[in-house]
Each structure stands twice: as structure tokens, then as C-alpha cells.
Amino acid sequence: MLKGKTVLITGANRGIGRALVEAFAAEGSNIIAHARKENVNFETDMQNLAEHYSVKIDTIYFDLSNEDEIKNAIKKISSQKTKIDILINNAGVAFGGLMNMTPISKLKEVFQINFFSQILMMQQISKLMIRQKGGVIINMASVGGIETNPGYLAYGSSKAALIWATRCAAKELAPYGIRVNAIAPGLTKTDMGMYKSEEELTITINQTALKRMADVSEIADAVLFLASEKASFITGHILSVDGGRP
Numbered sequence: 194m195l196k197g198k199t200v201l202i203t204g205a206n207r208g209i210g211r212a213l214v215e216a217f218a219a220e221g222s223n224i225i226a227h228a229r230k231e232n233v234n235f236e237t238d239m240q241n242l243a244e245h246y247s248v249k250i251d252t253i254y255f256d257l258s259n260e261d262e263i264k265n266a267i268k269k270i271s272s273q274k275t276k277i278d279i280l281i282n283n284a285g286v287a288f289g290g291l292m293n294m295t296p297i298s299k300l301k302e303v304f305q306i307n308f309f310s311q312i313l314m315m316q317q318i319s320k321l322m323i324r325q326k327g328g329v330i331i332n333m334a335s336v337g338g339i340e341t342n343p344g345y346l347a348y349g350s351s352k353a354a355l356i357w358a359t360r361c362a363a364k365e366l367a368p369y370g371i372r373v374n375a376i377a378p379g380l381t382k383t384d385m386g387m388y389k390s391e392e393e394l395t396i397t398i399n400q401t402a403l404k405r406m407a408d409v410s411e412i413a414d415a416v417l418f419l420a421s422e423k424a425s426f427i428t429g430h431i432l433s434v435d436g437g438r439p
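When we follow the working numbering, the leftmost residue of the sequence shown carries the number 194, and every step to the right adds one.
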């Protein structure tokens with residue numbers, strides 16, 4: 194049901210983002226794949242995926258910490274009359290640190306990428322979707338925005354804010370036929386997921402009902418569901434994909 198849809202995916206060069214590109218390409222979707230900086234390996238990878246799945250994959254570059262770059266990128270997309278059916282706000286940064294060890298400057302940096310840039314993306318793309326009279330927005334939140342654990346003030350707070358914004362945007366955009374949901378992954382096999390210490394990883398895995406980490410493809414499958422018409426009556430929902438966290 195996603196064949197021919199156009200999907201904009203941020204942070205598409207690795208981890209969950211890369212898995213999302215392949216998952217949507219396998220479903221026949223055309224993709225605008227975002228990365229922060231132009232990279233030959235990324236371009237080659239996207240071209241290979243496009244040829245393998247017989248879809249169109251365009252690349253776009255901007256720094257999520259730079260609002261002007263975001264706006265200019267969306268203007269470029271808009272000027273090309275490209276219809277964006279689905280926006281996946283996937284890109285983000287991880288940061289661990291106790292409250293008293295977290296400078297306000299670092300807190301602002303994490304929020305800029307994990308929250309403010311996501312809001313700006315929703316604002317810019319939803320304007321296009323309103324004109325189209327429909328669309329889907331999926332934000333990549335985290336169980337870290339639901340659970341409260343010491344040492345994750347910046348990251349957890351930014352994801353909690355994104356969860357609230359997702360529910361708010363869902364209510365505001367519903368009259369225009371736009372659904373807004375979020376995925377809250379648990380511990381996942383990515384570079385970001387591996388920044389925890391070995392001790393923290395062991396404790397978290399032991400607390401998870403399935404006793405393992407998620408594969409990026411399992412997160413991508415959940416996103417595919419929320420993006421499809423199978424989830425046509427779901428909006429404002431935060432879907433935890435966490436293997437059974439306590």
C-alpha cells in the first residue's frame with residue numbers, strides 16, 4: 194500500500210534511518226534520503242538501493258542544528274513540486290550525563306536537534322501536506338522519553354518533549370487529513386544504542402522480556418505499519434517497540 198508514495202527520511206545514512214530507506218524501497222516507495230553532510234559512500238549506497246528496488250531515491254543534505262539549512266532544503270523540495278506523502282523525523286543525537294554534570298549549553302544542543310529541529314520539520318512539511326489534503330508524520334521518540342532514569346536528563350527530556358509535541362500536532366493536523374504518530378524504540382543495535390556501558394547494556398537487556406536488543410529492521414517494520422493505510426485510524430499514538438520493558 195506504500196507503492197508510489199514519496200517518503201522523506203532524516204538521518205538516512207546509518208542505523209534505523211538506513212533500515213527505513215531499504216524497508217520503504219522494498220515496498221515500492223520513492224524516497225528523499227537526508228544526511229548531514231554530502232558523502233560519496235552514502236550517494237553510492239542510495240543509488241544501489243534505488244536500482245535494486247526499481248524506485249527513485251534522491252539525496253538531500255542539511256544540518257539539523259541549522260534552521261536556515263532546514264528551511265532552504267524544504268524550499269527546494271517545495272519548488273520542485275514534490276509531493277511528500279510521509280515524513281519520518283528519524284535523525285537525533287544521544288547524550289548521557291547526570292543533571293549536575295550537564296551544562297545548559299549541552300542541553301540546548303541536544304534539544305536543538307532532538308526537539309526544535311523536529312518541530313521545524315513538522316511545521317514546514319505539514320504546510321505542504323495541508324495543501325495536499327493529507328499525509329503522515331512519524332517521529333522517532335524513545336522509551337527514554339517515557340521511562341525516567343538517572344543520567345539521561347538531556348536525551349530523555351528531549352524525547353519526552355517530542356512525545357508531547359507528537360500528540361499535540363496530531364490533534365491540530367487531524368482536520369487536514371494528516372496523521373501524526375511516534376515510535377518509541379527500546380535498546381536497538383545501532384551506534385547510538387551502543388553508547389551505554391557494558392554494565393548498563395546487560396542490566397537493560399535482562400530487564401527486557403525478550404532478553405535481547407531490537408534489530409533495526411524490527412523498528413522499520415513498525416514504522417511501515419504506522420505509515421500505511423492499515424493504521425488509518427491511528428493518530429497521536431506513541432508505539433513502544435521495546436521487547437517488553439518493565
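The set of hints was computed from the structure by calculation and includes no laboratory data.
On a predicted model such as this, the values are computed, not experimentally measured, just so you know.
Each hint should be verified, as a subset may be incorrect.
[As the list claims (entries may be wrong)] Distance condition first, Cα-Cα at most 20 Å in a straight line; then the derived SDA-like pairs of lysine to any residue:
no. : residue 1 : residue 2
1   : K301      : G290
2   : K198      : G221
3   : K364      : Q305
4   : K230      : Q305
5   : K249      : N234
6   : K264      : K196
7   : K198      : E392
8   : K276      : D251
9   : K196      : K326
10  : K326      : D251
11  : K299      : N342
12  : K268      : R324
13  : K249      : E220
14  : K196      : R207
15  : K196      : D278
16  : K326      : G370
17  : K364      : M292
18  : K389      : M292
19  : K269      : Q317
20  : K423      : K269
21  : K230      : K276
22  : K249      : A266
23  : K389      : A287
24  : K249      : S272
25  : K198      : N342
26  : K268      : E231
27  : K364      : Q325
Review point. Can the restraint linking K364 and M292 be considered satisfied, given a maximum Cα separation of 20 Å?
Key: Since the Cα atoms of K364 and M292 sit roughly 33 Å apart, the hinted pair is violated (cutoff 20 Å).
Check your understanding: Between K249 and A266, is the straight-line Cα distance small enough, at 20 Å or below?
Key -> holds, 18 Å
**Study point:** Hint consistency between K249 and N234 [alpha-carbon to alpha-carbon, up to 20 Å]
**Key:** With Cα atoms ~17 Å apart, K249 and N234 stay inside 20 Å; holds.
Exercise for review: Mind checking the alpha carbons of K198 and E392 for me, to see if they're no more than 20 Å apart?
Suggested key: violated, 43 Å
Point to revise | Restraint status (C-alpha distance of K249 to S272 at most 20 Å) | key: Holds, at about 18 Å.
Point to revise | Satisfaction of hint between Q325 and K364, Cα-Cα up to 20 Å | key: holds, 18 Å
Check your understanding: Taken at face value, is the distance from the CA of D251 to the CA of K276 at most 20 Å?
Key -> The hint holds at about 13 Å.
Check your understanding: Is the Cα-Cα distance between K268 and R324 20 Å or less?
Key -> holds, 15 Å
Exercise for review: Assess, step by step, whether the Cα of K326 is no farther than 20 Å from the Cα of D251, and give holds or violated.
Suggested key: At roughly 24 Å apart (the allowed maximum being 20 Å), D251 and K326 break the hint.
**Study point:** 20 Å Cα cutoff - pair K249, E220
**Key:** holds, 12 Å
Review point. Between K269 and Q317, does the CA-CA distance stay at or below 20 Å?
Key: holds, 12 Å
Exercise for review: For the pair supplied as a hint, K264 and K196, confirm whether the alpha-carbon distance does not exceed 20 Å.
Suggested key: violated, 28 Å
Violated hints, in rising order: 3, 6, 7, 10, 14, 17, 20, 21, 25; the structure is consistent with all others.
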